[in-house]
Amino acid sequence: MTVPITIRLQEADFDLAHEVAALSRGRTDIGAVVTFSGICRGDEDGEAIAALTLEHYPGMAEAEIARHAEEAVSRWPLTGITVIHRYGRIVPGENIVLVVTASSHREAAFQGAEFLMDYLKTKAPFWKREEGASGSGWVDVHDRDDTAAARWAKP
Amino acid sequence: MKVLYFAWVRERIGKAEEALDPPAAVATVADLIAWLSQRGEEYAYAFEKPKVIRAAIDRMHVNQDTAIAGAREIAFFPPMTGG
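As you go down the protein sequences, you meet chains A and B in turn. Using the working numbering, you'd call the opening residue of the first sequence number 352 and step up by one each time. Using the working numbering, you'd call the opening residue of the second sequence number 3 and step up by one each time.
No wet-lab data here; the hints were simulated from the structure. Nothing here was measured: the structure is a model prediction, and the numbers come from that model. Certain hints may be false.
Computed cross-link-like contacts, DMTMM-like style, restricted to lysine to aspartate or glutamate with a CA-CA straight-line distance of at most 25 Å [to be verified]: (1) B/K51 - A/E413; (2) B/K4 - A/E413; (3) B/K51 - A/D491; (4) A/K479 - B/E20; (5) A/K505 - B/E44; (6) A/K479 - A/E458; (7) B/K53 - A/D496; (8) B/K53 - A/E362; (9) B/K17 - A/E481; (10) A/K479 - B/D23; (11) B/K51 - A/E465; (12) A/K474 - B/E75; (13) A/K474 - B/E20; (14) B/K51 - A/D494; (15) B/K17 - A/E413; (16) A/K505 - B/E20; (17) A/K479 - B/E75; (18) B/K53 - A/E370; (19) A/K479 - B/D60; (20) A/K474 - B/D23; (21) A/K505 - A/E482; (22) A/K479 - B/D33; (23) B/K53 - A/E465; (24) B/K17 - A/E482; (25) A/K474 - B/D60; (26) A/K474 - A/D494; (27) B/K51 - A/E370; (28) B/K17 - A/E445; (29) A/K505 - B/E75; (30) A/K479 - B/E44; (31) A/K474 - B/E13; (32) B/K53 - B/E75; (33) B/K53 - A/D497; (34) B/K53 - B/D23.
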């Protein structure tokens with residue numbers, strides 16, 4: 352059976368419960384669903400943040416996420432994936448990204464979700480601009496994100 | 003070819019995209035960065051640290067030693083910070 356993969360890039364917010372229900376409704380092959388939500392924090396390194404603005408590369412962003420979703424399906428026995436990534440201006444407390452993975456058992460769902468998030472952080476063509484108290488600027492890459500992504504590299 | 007710029011690369015150059023026809027000697031992504039850097043102060047500023055710049059050809063990530071022959075769309079951008 353083809354694994355259902357849903358990928359959406361949108362300005363609008365999303366509803367986690369709705370997305371989980373949409374993925375699992377009417378199915379009895381799913382024994383585990385893992386969800387990850389990335390949320391805009393109100394501070395970064397002690398400085399208050401008024402908002403984030405996310406820029407993306409339309410066309411490539413969808414394709415890049417789809418490639419990684421297909422890779423996740425090839426590496427773990429997943430039975431469904433939903434990835435939603437927002438763009439535009441997002442204020443603290445609002446959702447940025449959602450990853451939902453489904454499987455018969457929890458290990459694949461946990462690992463698939465972590466893999467997808469680590470790759471979204473480092474390979475999906477999105478860029479965050481922060482509006483802070485002392486002006487605005489582009490967010491720098493965190494080494495910890497590269498380290499997190501590197502652990503999934505195939506030998 | 004169509005060349006796209008994102009995030010601070012776009013801001014420094016002052017445009018999101020343009021159509022360019024580099025000379026045949028410009029063979030790789032790194033060559034294209036060097037050629038663009040000569041086009042003006044704004045380009046020199048955007049590409050002042052060329053090693054930091056990431057590139058995609060026809061919407062696939064590529065290394066800077068990749069040949070650009072046949073490319074329809076080349077994009078330059080900083081390291082990604084999504085998620």
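How the hints compare with the structure:
| no. | hint | result |
| --- | --- | --- |
| 1 | B/K51 - A/E413 | violated (28 Å) |
| 2 | B/K4 - A/E413 | holds (19 Å) |
| 3 | B/K51 - A/D491 | holds (15 Å) |
| 4 | A/K479 - B/E20 | holds (23 Å) |
| 5 | A/K505 - B/E44 | violated (39 Å) |
| 6 | A/K479 - A/E458 | violated (31 Å) |
| 7 | B/K53 - A/D496 | holds (19 Å) |
| 8 | B/K53 - A/E362 | violated (32 Å) |
| 9 | B/K17 - A/E481 | holds (21 Å) |
| 10 | A/K479 - B/D23 | violated (31 Å) |
| 11 | B/K51 - A/E465 | violated (32 Å) |
| 12 | A/K474 - B/E75 | holds (18 Å) |
| 13 | A/K474 - B/E20 | holds (24 Å) |
| 14 | B/K51 - A/D494 | holds (18 Å) |
| 15 | B/K17 - A/E413 | holds (23 Å) |
| 16 | A/K505 - B/E20 | violated (37 Å) |
| 17 | A/K479 - B/E75 | holds (23 Å) |
| 18 | B/K53 - A/E370 | violated (40 Å) |
| 19 | A/K479 - B/D60 | holds (23 Å) |
| 20 | A/K474 - B/D23 | violated (28 Å) |
| 21 | A/K505 - A/E482 | violated (37 Å) |
| 22 | A/K479 - B/D33 | violated (28 Å) |
| 23 | B/K53 - A/E465 | violated (28 Å) |
| 24 | B/K17 - A/E482 | holds (22 Å) |
| 25 | A/K474 - B/D60 | holds (15 Å) |
| 26 | A/K474 - A/D494 | holds (14 Å) |
| 27 | B/K51 - A/E370 | violated (42 Å) |
| 28 | B/K17 - A/E445 | violated (30 Å) |
| 29 | A/K505 - B/E75 | violated (29 Å) |
| 30 | A/K479 - B/E44 | holds (22 Å) |
| 31 | A/K474 - B/E13 | holds (21 Å) |
| 32 | B/K53 - B/E75 | holds (20 Å) |
| 33 | B/K53 - A/D497 | holds (16 Å) |
| 34 | B/K53 - B/D23 | holds (23 Å) |
In terms of the numbered hints stated before, the structure departs from hints 1, 5, 6, 8, 10, 11, 16, 18, 20, 21, 22, 23, 27, 28, 29, listed from lowest to highest.
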